[in-house]
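In order, the protein sequences belong to chains A and B.
Using my numbering, read the first sequence as starting at 1296 and increasing by one per residue.
Using my numbering, read the second sequence as starting at 39 and increasing by one per residue.
Honestly, the hints are just simulated from the structure, not real lab data.
Each hint should be verified, as a subset may be incorrect.
Unchecked claim - In silico contact screen, one side only, chain A against chain B (beta carbon under 10 Å); selected entries: (1) Thr1302; (2) Tyr1327; (3) Ile1372.
As the list claims (entries may be wrong) - Straight-line alpha carbon distances no greater than 35 Å define the calculated DSBU-like cross-link-like pairs of lysine-lysine that follow: (4) Lys124/B - Lys46/B; (5) Lys1382/A - Lys120/B; (6) Lys122/B - Lys46/B; (7) Lys46/B - Lys1382/A; (8) Lys120/B - Lys46/B.
Claimed, not checked - The calculated label-pair distances, taken between Cβ atoms and stated as ranges, are: (9) Ala57/B - Leu1404/A: 28 to 38 Å; (10) Trp1313/A - Ser88/B: 34 to 44 Å; (11) Ile128/B - Phe1342/A: 31 to 41 Å; (12) Ser1385/A - Arg52/B: 37 to 47 Å; (13) Leu129/B - Glu1337/A: 33 to 43 Å; (14) Phe1342/A - Arg52/B: 33 to 43 Å; (15) Ala50/B - His1325/A: 35 to 45 Å; (16) Gly1335/A - Ala50/B: 34 to 44 Å; (17) Lys46/B - Arg1405/A: 37 to 47 Å.
Just so it is clear, CB atoms sit at the ideal spot from N, CA and C, and this is done for glycine as well.
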Amino acid sequence: MNRNRDTSAYWASFVQRWSGVVLALFLPAHFYVLSLSLQGAEVLEEFLHWTDMPVVKFAEAGLVVLLAVHLLGGARILTIEFFRWAKWHSNLILLAGGGALTCGLLFLLRAI
Amino acid sequence: MNQRLEVKLWLAHRLTGMALGLFVTIHLITMIIVIQGGISASEIMERTSSNALIPLFYGLFVIASAVHGSIGLRTVAQEVLKWKGKSLDILVVGFFLLLCCMGMAAIRGLMS
């Protein structure tokens, strides 16, 4: 078997797994922030002012990249498992990586 | 290990993954469109309360994320930490319930 394909499959699996862990652990914080509006719109507003800082925008763009890479990587896994398109393997990894970076960049360009 | 339970969890992970494929795509596109230089609480709340289908969409999104994230974390804990058994299952069910409660509170907050 092709060594490059093994390496790319390893990294695709690594990124898929750990992006999923980060996103799952981020969810309670995300839900908590959105539920701040239960205490009044001004409480949520105050938090959203804090997110206007450039460093927070970059962190948000990072989360967008993780979300997009997990989405596209997940689509790659489903494609291979359910449609047996294993020969497209490397192209799907490239698509997931490129698509995720594009989403993050688009988000950052719109956010700043 | 209960093989039937493992198969059911694998299937639930894949099915919620497919549903999340749609939900996350819509969420990503919406985020990139509406973020434009930052977003205010009133803008978010105006948008989320504009259509009766939005709470349904986010309700399903929360449940699918809670199922998918909890099963994913369980798999990682089993494979990376070699943690198996009832203690892990109890923690995962607790995490699932936490996500459901916090997610529903977030939706309630944004609809209020």
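Hint check:
{"no.": "1", "hint": "Thr1302", "in the structure": "violated, 20 Å"}
{"no.": "2", "hint": "Tyr1327", "in the structure": "holds, 6 Å"}
{"no.": "3", "hint": "Ile1372", "in the structure": "holds, 8 Å"}
{"no.": "4", "hint": "Lys124/B - Lys46/B", "in the structure": "holds, 17 Å"}
{"no.": "5", "hint": "Lys1382/A - Lys120/B", "in the structure": "holds, 32 Å"}
{"no.": "6", "hint": "Lys122/B - Lys46/B", "in the structure": "holds, 17 Å"}
{"no.": "7", "hint": "Lys46/B - Lys1382/A", "in the structure": "holds, 28 Å"}
{"no.": "8", "hint": "Lys120/B - Lys46/B", "in the structure": "holds, 20 Å"}
{"no.": "9", "hint": "Ala57/B - Leu1404/A: 28 to 38 Å", "in the structure": "holds, 29 Å"}
{"no.": "10", "hint": "Trp1313/A - Ser88/B: 34 to 44 Å", "in the structure": "holds, 36 Å"}
{"no.": "11", "hint": "Ile128/B - Phe1342/A: 31 to 41 Å", "in the structure": "holds, 32 Å"}
{"no.": "12", "hint": "Ser1385/A - Arg52/B: 37 to 47 Å", "in the structure": "violated, 23 Å"}
{"no.": "13", "hint": "Leu129/B - Glu1337/A: 33 to 43 Å", "in the structure": "holds, 36 Å"}
{"no.": "14", "hint": "Phe1342/A - Arg52/B: 33 to 43 Å", "in the structure": "holds, 35 Å"}
{"no.": "15", "hint": "Ala50/B - His1325/A: 35 to 45 Å", "in the structure": "violated, 22 Å"}
{"no.": "16", "hint": "Gly1335/A - Ala50/B: 34 to 44 Å", "in the structure": "holds, 37 Å"}
{"no.": "17", "hint": "Lys46/B - Arg1405/A: 37 to 47 Å", "in the structure": "holds, 41 Å"}
The structure fails hints 1, 12 and 15 (numbered hints given earlier, in ascending order).
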